[in-house]
Every structure is written in C-alpha cells, then in structure tokens.
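Engineer: Spelled out, the chains give:
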Amino acid sequence: MFFTYLRRELAGRRRQTAIIAAGMALAIALVMIVNAVSTGVRDAQAAVLESVYGVGTDLTVAQEPAPPGEGEGGPRFEFDAGAGTTTDGSTEISQSRLMAGFGSTTFEDDALATVEALDDVAAAAATLSLTNTTFNGELPEFRQGSDSTAPTEGEQPVAPPEGGFDGAGGSAFDVDSFTVLGLDPAADAVGPLSAVALDEGRGLEASDTGDAVAVLDATYATSAELAVGDTIDVGGTEFEVVGTVTSTSADTETAANVYIPLDLAQSISGEEGMISSIAVQATSADRIDALQADLEEALPDATVSTQAGLAASVSGSLASASSLISNLGLWVSLAVLVAAFLIAILLTIQGVTRRTREFGTLKAIGWSNRRIVGQVTGESIVQGLIGGAAGLVLGLAGIWVVNLIAPTIGGATATDVVAGGPGGRQLAIPGGPGGGFADAASASAGSAEVVLNAPVTIGVIAIAIGLAVLGGLVAGSFGGWRAARLRPAEALRSNA
Amino acid sequence: MYTLENVSKAYTRSTRKIAALKNVSLTIGAGQLVAIQGPTGGGKSTLLQMLGALDRPTSGRVALGDAELSHLPDSRLAGIRAKEIGFVFQGFNLIPTLSAQENVETALEPLDVPGDERRRRALAALESVGLGDRAAHVPSELSGGQQQRVAIARALVKEPDVLLADEPTGNLDEETRDEIIDLLEGLWRDRGLTLVIVTHDSAVARRAERRLHIKHGTVTER
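Going line by line, the protein sequences match chains R and E. Residue numbers for the first sequence, in our numbering: 1 to 496. Residue numbers for the second sequence, in our numbering: 1 to 222.
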C-alpha cells in the first residue's frame with residue numbers, strides 16, 4: 001500500500017515532483033562538480049608537493065630564511081690577474097660556485113639525529129638545497145703599464161681598444177645556474193628521490209657516499225644536453241652523470257636539477273655539517289600532529305610543516321584554483337543546495353496543505369500520525385532520489401566536460417627546497433660608446449604545469465546519493481511535521 | 001454502546017467563543033439506527049465527531065463501550081477508529097489518485113492486513129455495494145453515487161461496530177439518494193451495525209428508528 005500510494009501520488013503530481021527533482025539535481029550536480037574539481041586541485045597540489053618533498057613525507061623540518069645581511073646576496077666571483085686564458089686580445093674566464101639556495105637557511109645536521117630519536121618517526125632524510133652558478137666571460141686584454149699621460153703634440157694617439165667579444169674592447173658574460181640537492185644516498189624511504197622514477201642509468205646508492213657522481217632531472221639533462229656517462233661541473237668539481245630521473249607525477253619536474261651525495265654537497269659548498277631541510281615520515285597518519293609538537297619541542301628554532309601546511313606553499317594558478325574552489329565554488333554550491341532544499345521544503349508543505357482533507361480522512365479511518373508522516377517523508381525521499389539520479393547524471397556530465405577541457409594549471413613552491421628549471425642569463429656589455437644590456441634568456445622559476453583532472457570517486461557518488469536522501473528527509477520531515485499537526489476534525493472541515 | 005454525559009464543546013473563533021454542544025447527555029444502544037437532524041451550525045457534525053473519536057469534549061464524558069473517548073490519547077483513539085468505527089462523508093473524501101479498490105484498501109492499512117487478503121477483502125466490499133466492475137477506476141471516473149458507494153465499501157471493509165454517516169446523501173440527486181439510503185439500511189439490517197446518520201433530509205431521517213434533533217448545541221428526542 002505504501003509504495004502504491006507513493007507511486008500514485010508522485011505520478012499524480014508530476015509538476016511538483018519535477019520542480020523538486022530539478023532543484024535537487026542542479027544542486028547535487030554542482031556539489032559533485034565542485035567536489036571533484038576540488039579533489040583534482042588537491043591531487044595537483046599533492047603532485048607538485050610530492051615532486052618536491054617526495055612520497056610519504058608527512059612533515060618537513062626547516063628554518064625560517066634569515067633576511068639577507070649586509071654584503072650577502074648572490075654569488076660573488078673573484079678573478080686574480082692571471083685568471084683565464086688570453087687569445088687574440090681577449091681573455092676568457094670561467095668560474096663555478098656552489099652555495100646555499102636563495103632564501104634558504106641551513107642548520108646543523110645533528111638535527112637529523114634528534115629527529116630520528118623521536119617516537120613516531122618512521123623515516124627521516126636530510127637534504128641540502130644549493131644553487132650552482134657558473135660565470136663565463138670574455139674580456140678584452142687589459143694593457144697593463146701603458147703610459148697614462150696624455151699624448152703630446154707630434155705623438156700618435158693611443159690605439160683604439162681591441163679584443164673582447166666584439167673585437168672593439170667589449171665584454172660578454174654568461175651566468176648559468178641550476179639547482180643542486182645534496183642528499184644521503186642511503187636514505188631513499190623518504191625525501192625528494194622517493195617520488196622519482198628512474199629514466200636512464202641508475203639512482204644514487206649507499207656506496208656513492210663520497211663519490212663525485214650525480215643524478216640529473218631528465219628534463220634538465222635534455223635541455224643541458226647531458227646524458228649518462230657525461231660529466232657536469234658542480235662548484236668546480238667534475239661529477240659523473242650516473243642516471244636521470246623523472247617525476248612520478250605527470251607533468252611535474254623533480255625537486256632539483258642535479259642530485260649529488262650530501263657529504264660532497266656540504267664540502268664543495270663550504271656548508272660543512274649543514275643541511276637545509278629534513279623530510280620526516282610519521283609511523284601513522286594519526287600521529288602526525290603529535291609528532292609535529294614533538295619536533296617543535298625538540299628543535300625550537302626550526303619550522304615544522306605538515307603536508308597541509310605545505311599545501312599552502314603551492315602558489316601560482318594552482319593556488320588560485322584552490323582558492324576559487326574553496327571559496328566561490330563551495331559557497332555557490334552551498335547556496336544552490338540551500339535554495340533547492342528550501343524549494344523542496346516549501347513545495348512539500350504546500351502539498352501537505354493541499355491534501356489537508358485527504359490526511360484528515362486517513363486519520364479518520366485510523367491512520368496513525370507515524371504512518372502519515374512516513375508516507376509524506378517517503379514521497380519526499382523518492383523525489384529527492386529522482387533529483388539525485390538526475391543530479392548524478394548531470395554532475396558526471398559536468399565532470400566529464402571538465403576532464404575533456406583538461407585545463408592546465410601551474411603551481412610553484414615557495415619553500416627552501418626549490419624545484420629549479422634549466423636556464424641562464426647572459427649579459428652582454430658592448431664596448432665603445434653607449435653600452436647597454438641585452439637579456440638573452442630568462443631564468444625559469446621552478447614551476448610545475450599540472451593538467452587538472454577531476455576524478456569521479458566513490459565519495460563524489462556517495463555525496464550525490466547522500467544529499468538526495470538528506471534533501472528528501474529534510475523536506476519530508478517538515479511536510480510530515482505539518483501533516484502530524486493536523487487535527488482530524490479540523491482537517492475534515494478543511495476546504496483544501 | 002455510546003454513553004455521553006454532560007458533554008460540552010466550545011470553539012474559539014478569533015476572539016468569539018462558540019458553544020457547539022451544551023451539556024449533551026444521551027445513550028445510543030448497539031445496533032440502533034439513529035438520525036440526527038437540525039439546522040446548519042446547530043452542532044450535528046460536532047456531535048458526530050465526538051462519537052467518531054475525532055475530537056474530545058471541552059467537558060463531560062464520551063464512552064464507546066468501555067473506551068473513554070474523552071480521555072484516551074491520540075494513538076489509542078486512532079486505533080479505535082481503525083477497528084471499530086466506519087465513516088461516510090458528504091463529500092465522499094476519496095483519495096483522487098487511488099483506484100476504487102485501493103481507496104477501500106486504505107481502511108485496512110492501519111490494521112496491517114497482508115496484501116493479498118487486503119486486496120481480496122477490498123474487492124469483496126466493492127462487490128457488496130455493486131461496484132465489483134469498477135474496482136480499477138479512479139474517483140474522477142465514477143459518478144457521485146458510485147463514489148459514495150466506494151466510500152461506504154471503505155467504511156465497511158474492516159467490519160466495524162459503528163458506522164457514522166455525515167450527510168451521506170447531501171451531494172446526490174433524489175434517485176441516487178434513495179439508492180444509497182437503501183444500501184445503508186440494508187447493511188445495517190444485515191450486519192447488525194450501529195448506524196448514526198446526520199442529515200438535513202427528513203426523507204432520510206424517517207428511515208431511522210430513532211431521531212434526534214440538535215439546535216444551539218442542545219439535543220432533543222423527536
């Protein structure tokens with residue numbers, strides 16, 4: 001009887017059923033799409049983060065970058081008088097410097113032992129984030145010791161400048177830089193290299209400690225025209241390239257351009273016994289907060305960040321998308337959802353009011369309030385489920401369109417470990433009057449382009465069904481409450 | 001069967017207090033056919049609602065057998081209405097979206113009668129009022145007289161002790177009125193029901209073995 005009555009009522013009130021179902025469908029579809037896109041943005045953030053911090057990193061320990069003091073800043077290159085090689089009136093000079101990355105602060109590596117000694121730490125790995133800058137220049141040969149007095153009458157004037165890159169006394173400089181990450185070759189459970197896939201050759205191994213071997217990001221290796229077996233100058237030391245790696249996350253680069261053993265990174269850069277970051281994996285997800293507190297207590301000067309905190313460090317259009325989703329998208333879908341619920345409630349109450357005499361009759365023939373409330377609620381839930389089914393289809397279609405468009409969003413990290421891209425800067429200072437700068441190439445800013453994929457998860461489908469049932473229950477409860485309040489004698493007198 | 005002692009019922013309309021029943025005392029024996037007459041607004045329907053356990057008196061006592069209708073909670077009153085009291089209304093009060101048979105079945109729903117038995121009994125009730133061939137029709141496909149027959153079948157399908165009819169012929173033409181009254185009278189005789197009919201129509205009231213007149217909330221025997 002319940003289902004017969006329910007079916008006949010819904011079929012007899014198609015317009016109301018259609019309006020309620022359409023409102024619910026729209027709201028549910030919006031919530032589904034926002035949820036799926038939100039999940040996609042989170043995945044993209046995770047992809048960017050994993051490429052930098054590695055899979056399974058729950059926390060990172062670093063230190064707040066100190067504001068640069070006087071005299072500090074970029075690398076300084078110093079050349080003595082005999083530096084370089086001179087041919088045809090031009091002197092070519094070259095120098096490579098390895099130093100801590102910009103904005104990065106290093107700290108004593110005994111912090112790693114402190115971290116590893118804590119309970120709840122499953123794995124920990126220290127890294128030293130560095131930037132290698134190579135200065136190449138071509139200068140004219142300086143005429144040391146020449147007569148500095150002005151030419152007297154009858155003397156020939158000083159010959160015009162010669163040599164240099166333009167043959168007229170000009171100078172040209174190339175400044176190339178790439179990021180270098182020093183890490184413990186034996187620690188591969190956590191840290192940047194846990195999120196990479198081997199492209200060619202091999203990765204760093206425990207036996208590489210102390211050896212001048214390097215693993216390159218595959219993208220950087222291609223742009224720098226380097227391959228396994230070649231050598232790369234890092235801070236004036238030739239490293240053998242033993243392998244190349246790519247990010248396991250599509251479309252993102254790995255954490256650095258070049259990976260070398262930590263001990264060599266420390267000694268070459270002059271950062272003996274120093275590190276810039278520790279990646280920490282907790283024993284379980286529910287211990288992360290407790291571990292964060294322990295770490296902050298054990299290392300009071302350090303900055304301890306969780307993955308949630310790290311997500312905030314992702315900037316660029318990825319951050320904008322995240323912000324858009326979490327603000328505008330969430331509120332719009334919530335507003336539509338509330339509106340749909342209100343429409344369903346109002347139409348259900350209106351329906352009950354219109355059926356006052358009907359419910360009065362049912363009460364007169366012995367129907368209990370519970371049975372009548374159940375009937376009204378059942379009708380509302382089915383209306384909600386019809387809306388839910390339509391919303392599911394609409395939502396899946398919307399998600400399909402998002403995936404079809406596959407918007408690309410960019411993300412960058414603003415932390416001490418910077419994913420650097422290949423690049424360089426060439427400054428040319430022509431000789432002769434005028435002079436000036438010509439920017440030949442721009443530096444890459446350590447970013448990752450991620451294709452946004454809105455996944456259809458069980459959670460998204462559960463949200464659709466849950467909201468449909470909830471909407472029906474809420475509207476049915478209000479309608480049922482209205483029906484239950486009807487006094488049978490008054491309801492029978494009603495003209496409705 | 002029914003015992004009413006000093007039953008009063010007052011309503012408040014806006015700020016005005018209306019006394020629908022004033023100290024009504026009467027008894028109705030089991031198996032009686034009672035007609036209640038009186039002018040509009042005299043208290044006929046209010047009295048029927050007291051008898052049908054649809055409302056409680058402001059003061060006084062209403063009892064159906066051992067059941068004190070004036071003091072029982074709503075849930076118990078609903079149970080008594082489901083088992084013991086059948087209603088027939090002037091406007092038929094059928095559910096427009098349900099077929100004739102399904103309308104009759106609604107009376108068995110609160111008694112938790114299994115589906116097969118419910119359908120069988122509903123069809124039998126329709127046949128007993130001469131509408132076996134209209135079981136699948138919705139009310140809008142039936143005439144006024146047929147709709148009232150469906151309503152009577154709905155009232156009788158649960159085999160109640162009491163049948164309360166509020167102006168059952170009020171919306172019918174003279175010929176159909178006689179058919180419905182014949183039907184009700186026949187069912188009363190055959191089933192030994194207590195039948196209480198509220199009516200304006202003296203022709204209907206004359207068929208009753210007992211006639212009550214109610215005016216300004218006061219009941220008198222005719």
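Among the hints, erroneous ones may be present.
Said to hold, decoys possible - Facing chain R, according to a computed beta carbon distance under 7 Å, are these residues of chain E, among others:
hint, residue
1, 56
2, 105
3, 107
4, 142
Unchecked claim - Pair by pair, the computed Cβ-Cβ distance ranges are:
hint, chain 1, residue 1, chain 2, residue 2, range
5, E, 39, R, 338, 49 to 55 Å
6, E, 185, R, 12, 49 to 55 Å
7, E, 115, R, 400, 42 to 48 Å
8, E, 16, R, 19, 45 to 51 Å
9, R, 15, E, 111, 55 to 61 Å
10, R, 451, E, 115, 52 to 58 Å
11, E, 12, R, 339, 35 to 41 Å
12, R, 370, E, 67, 28 to 34 Å
13, E, 116, R, 12, 44 to 50 Å
14, R, 353, E, 16, 22 to 28 Å
Hints were generated in silico from the structure; no laboratory data involved. Since the structure is predicted, the reported quantities are computational estimates derived from the model, not experimental observations. Don't be surprised by glycine CBs; every beta carbon is placed ideally from N, CA and C.
Engineer: Now, for every hint given, state plainly whether the structure supports it.
Structural biologist: Structure-based check of each hint:
Because the closest C-beta pair between residue 56(E) and chain R is about 9 Å apart, greater than 7 Å, the hint is violated. A hinted interface residue such as residue 105(E) counts as satisfied when its beta carbon comes closer than 7 Å to some beta carbon of chain R; here the least separation is about 6 Å, so the hint holds. Because the smallest distance between the Cβ of residue 107(E) and any Cβ of chain R comes to about 5 Å, under 7 Å, the interface hint for this residue holds. With a least beta-carbon distance of about 16 Å to chain R, the hint placing residue 142(E) at the interface is violated under the 7 Å criterion.
Checked against the hint of 49 to 55 Å, the C-beta distance between residue 39(E) and residue 338(R) comes to roughly 53 Å, which is consistent with it. Separated by about 35 Å at the C-beta atoms, residue 185(E) and residue 12(R) break the suggested range of 49 to 55 Å. About 43 Å separates the C-beta atoms of residue 115(E) and residue 400(R), a value consistent with the hinted range of 42 to 48 Å. For the pair residue 16(E) and residue 19(R), the beta carbons lie near 40 Å from each other, so the given range of 45 to 51 Å is not met.
The hinted range of 55 to 61 Å is not satisfied by residue 15(R) and residue 111(E), whose Cβ atoms lie roughly 34 Å apart. Under the hint 52 to 58 Å, the C-beta atoms of residue 451(R) and residue 115(E), about 56 Å apart, fit the expected range. The hinted window of 35 to 41 Å between residue 12(E) and residue 339(R) holds, with their beta carbons roughly 39 Å apart. The hinted window of 28 to 34 Å between residue 370(R) and residue 67(E) is violated, with their beta carbons roughly 21 Å apart.
The hint said 44 to 50 Å for the Cβ distance between residue 116(E) and residue 12(R), and at roughly 25 Å that hint is violated. Between residue 353(R) and residue 16(E) the C-beta distance comes to about 25 Å, which sits within the given range of 22 to 28 Å.
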